[in-house]
Amino acid sequence: MTALPREADSGSWTVRLRDRVTHVVPSGEALPDQQPAYVSSWIYVFGVATLAALLVVVGSGLVLAVGGSAWWHVSSFGHFVNSVHLWSVELFFAAMVIHLWGKFWMAAWRGKRGLTWVTGMIAFLTSIGTAFTGYLSQSNFDSQWIGAEGKDGINSIGAGAFFNVLNPGQMLMWHVVLLPLAIGGLAVWHVVLVRRHGVVPPIDAKEGE
Amino acid sequence: MPATSSAVLAVTSTGHYLHWGVVSVSLTNLVIISIMVVVFVLALVVPFQRRGGGPR
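If you read the protein sequences in the order shown, they are chains A and B.
Start counting the first sequence at 35; every next residue gets the next number (the numbering used here).
Start counting the second sequence at 3; every next residue gets the next number (the numbering used here).
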């Protein structure tokens, strides 16, 4: 016995959720094959380079997680993976800052793109926090020194009671669980917003250009 | 070189810093920032070759 096709029940929560999800990004804009002429510029490569670097950061971080935070001190392969992690972070920040400069001088928050700008800025600030907790997770004299110096700064903003930079276990968990989840979520949200609203046109662009 | 000597060397080498009034920056960071500015300017002025999927 075959089931007869039914019309979508608008009262069903699955239908409402499906409609909501499918209308987040206009049809065909999630993975477009054509873009406006003003998008052919190297400046847009740096946003994608940031995402590519983030994938390498996460991938190398996952390998480091297998061996533990002290693994890179005793293994040449661990040292190599740690260096990949470090240099992918360097490229991640360099590409992200160049992307930020480009977007700032384009005033890329125009045309209801304010939330796109804000999610990018929060992702940038969260990335800085993630980098700092990474420095604190090196399990060497450098991380001890940074923790001892950083505690006064954290205490001065009143966060020392629940965010103790002298606690390497807490800093490691923030570095490998909480902050990467936040950055991953923000990155996805940011990209979805870019696809939802499209790339910002140049300031002097006329309608239809 | 024994491990202890290299550790002492690593701690005592402070690198080169440049100072302009209240601004203090390490030479390494200044070089990296300068390279990023150069890459940014190049990204603005170097033509981008399109392949397929022409403009709409």
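Keep in mind the hints are simulated off the structure, nothing from the lab.
There could be a bad hint or two in this list.
Sample of chain B residues with no beta-carbon within 12 Å of chain A, all distances over it, derived [claimed, not checked]: (1) HIS18; (2) TYR19; (3) LEU20; (4) HIS21; (5) TRP22; (6) SER28; (7) ILE34; (8) ILE37; (9) MET38; (10) VAL39; (11) ALA45; (12) VAL48; (13) GLN51.
Derived, one-sided and incomplete: chain B residues facing chain A with beta-carbon distance under 8 Å [what the hints assert, rightly or not]: (14) VAL40; (15) VAL41; (16) PHE42; (17) PHE50.
Think of the CB as a built atom: it goes at the ideal place given N, C-alpha and C, for glycine as much as any other residue.
| Which hint numbers does the structure go against, in order from smallest to largest? | 7, 8, 9, 10, 11, 12, 13, 14
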